[in-house]
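Next come the chains, spelled out residue by residue.
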Amino acid sequence: MPEQEQVVEKEIEKLDQEITLRLQTIDSNFSYCFRKITQDIIPHVRRYSDVCDRIIDNTAVLTTLFQESGNLTLNHDSNEGDDSIAETATAKKTDPPVKTTATAPDTTMQEYHTANITSTGQILQLPDSSDDEDEDADAEDTHQNGDGITTTEPQDSIMTDNTHDDSTTQRQSRKRKVSLLLQQEYGSSSSALPSPVTKYKKHSHSTTDSSPLKPPQAAEDHHDDTNDLLNVDSSQSS
Amino acid sequence: MENPFERQQKNILSRIIVNVERLNQSVITLNQELANVNKKNKNIEIIGQICENYHNSTQFNLDATGNRKPPF
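Chains as they are written, first to last, in the UniProt record's numbering: chain A, 1 to 238; chain B, 1 to 72.
Source of the hints: derived by calculation from the structure; they are not laboratory data.
Hints may be right or wrong, so weigh each one.
What the hints assert, rightly or not - Which chain A residues face chain B? A few, computed with CB under 8 Å, are given here:
id: 1; residue: M1
id: 2; residue: V8
id: 3; residue: L23
id: 4; residue: I26
id: 5; residue: F34
id: 6; residue: Y48
id: 7; residue: V61
id: 8; residue: T63
id: 9; residue: N75
Unchecked claim - According to the in silico footprint, chain B covers these stretches of chain A (three or more CB under 8 Å from chain B):
id: 10; segment: 12-20
id: 11; segment: 35-47
id: 12; segment: 50-56
To be verified - Pairwise CB distance ranges, derived in the manner of DEER restraints:
id: 13; chain 1: B; residue 1: N31; chain 2: A; residue 2: E11; range: 40 to 50 Å
id: 14; chain 1: B; residue 1: V37; chain 2: A; residue 2: T73; range: 15 to 25 Å
id: 15; chain 1: A; residue 1: T73; chain 2: B; residue 2: K10; range: 53 to 63 Å
id: 16; chain 1: A; residue 1: T25; chain 2: B; residue 2: C51; range: 29 to 39 Å
id: 17; chain 1: A; residue 1: I55; chain 2: B; residue 2: F72; range: 27 to 37 Å
id: 18; chain 1: A; residue 1: D53; chain 2: B; residue 2: A64; range: 36 to 46 Å
id: 19; chain 1: B; residue 1: K69; chain 2: A; residue 2: D77; range: 37 to 47 Å
id: 20; chain 1: B; residue 1: P4; chain 2: A; residue 2: D53; range: 53 to 63 Å
id: 21; chain 1: B; residue 1: S14; chain 2: A; residue 2: Q4; range: 49 to 59 Å
id: 22; chain 1: B; residue 1: G66; chain 2: A; residue 2: I55; range: 33 to 43 Å
id: 23; chain 1: A; residue 1: D77; chain 2: B; residue 2: N56; range: 20 to 30 Å
id: 24; chain 1: B; residue 1: E45; chain 2: A; residue 2: I26; range: 33 to 43 Å
id: 25; chain 1: A; residue 1: D53; chain 2: B; residue 2: N3; range: 49 to 59 Å
The structure displayed is predicted, hence computed values, not measured ones.
Don't be surprised by glycine CBs; every beta carbon is placed ideally from N, CA and C.
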C-alpha cells in the first residue's frame, strides 16, 4: 500500500509542477500583451491622430468656405451618452432676408442640411430622411411668413435623431404670434394671410362673410383692438 | 502554506493580478485614443464627402450649361 501512496504522491507532485508552469505562462502572456499595447500600439495610434490633426488644419480653408456658404457649423464634437461621439452639422439662424437665385439642382447635397434658397427670397431648409416633422414645420412657416420674413430653424445632427419636438412646437407658436402681431401693425391685405388670421380668431368675429346678424352683437360685447381692424363694416351698423 | 508548490503558485498569481491591472489600464487608454481617432476620421470623412458633392454638382452644372471642356 505505501507503494501506491508513493505513486499517488509522485503524480500529485507532477501535477503541481504543471500547474505552476501553466500559471507562469499565463503571467508571461499577460505581461507580453501589456508590453505590446503600451510600447507599440498606443504610440502608433497617437502618431496617426497627429497626422489627422495636421490634415484637418490644412483643410481648414475648405471647412470655413463651406461653412460660410451654407451657414453650417461642422465638426461640432459633442459627446453623447457613453463615449459615443457624433459630430453635428447644425445650421445657424440666418440674418434678415438674403435674396439669391436658385442654383443648379443640388441633387448630390441631399445628405446634408444645406440651405436651399428659393427665388422668392425665402430660405427653406430641407432636412434629409426621417425628418417629416421638421418638413411640416418648415412648410407651415413658409406659409405663415408671407411678408418675406426668412427665419430658419436650427437643425439637428446628421447622425442623431430629432428629439426637440417641444422646442419646434414652441417655435411654431412663437412664429404664429409674431405673424399675428405684424398683421395687426400693418393691416396686411395679402391674400395668403386671412386664413391664419381666421384660424386664431373666434368664428363670430369674421366679417369676410357678410352676416349682419352676428358681428354687431359681438362688437358690442368685445372691444378689443384686434377687432377694430377686422370689423370695419360692423362698426357702421353698431 | 506548507507545500512549496502552493507558495510558488500564490506568488505567481499575485504577479498575474498586477499585470492584469496594468493591462486593463492600458486598454482603457487605448480605447480613449481610438475614440479620438474615430472622431477625427469622421470629420475628415465629412469634409471629403462635401468636396465630392461639390465636384459632382460643378460637373453637373457645367454639363447643363454646356461649358464642359475636355482636359488638355
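These are the hints, each one checked on the structure:
no.	hint	verdict
1	M1	violated (23 Å)
2	V8	violated (15 Å)
3	L23	holds (4 Å)
4	I26	holds (6 Å)
5	F34	holds (4 Å)
6	Y48	holds (6 Å)
7	V61	violated (11 Å)
8	T63	holds (6 Å)
9	N75	holds (5 Å)
10	12-20	holds (count 5)
11	35-47	holds (count 6)
12	50-56	holds (count 4)
13	B:N31 <-> A:E11: 40 to 50 Å	holds (45 Å)
14	B:V37 <-> A:T73: 15 to 25 Å	holds (22 Å)
15	A:T73 <-> B:K10: 53 to 63 Å	holds (59 Å)
16	A:T25 <-> B:C51: 29 to 39 Å	violated (52 Å)
17	A:I55 <-> B:F72: 27 to 37 Å	holds (29 Å)
18	A:D53 <-> B:A64: 36 to 46 Å	holds (39 Å)
19	B:K69 <-> A:D77: 37 to 47 Å	holds (41 Å)
20	B:P4 <-> A:D53: 53 to 63 Å	holds (56 Å)
21	B:S14 <-> A:Q4: 49 to 59 Å	violated (36 Å)
22	B:G66 <-> A:I55: 33 to 43 Å	holds (36 Å)
23	A:D77 <-> B:N56: 20 to 30 Å	holds (27 Å)
24	B:E45 <-> A:I26: 33 to 43 Å	holds (41 Å)
25	A:D53 <-> B:N3: 49 to 59 Å	holds (57 Å)
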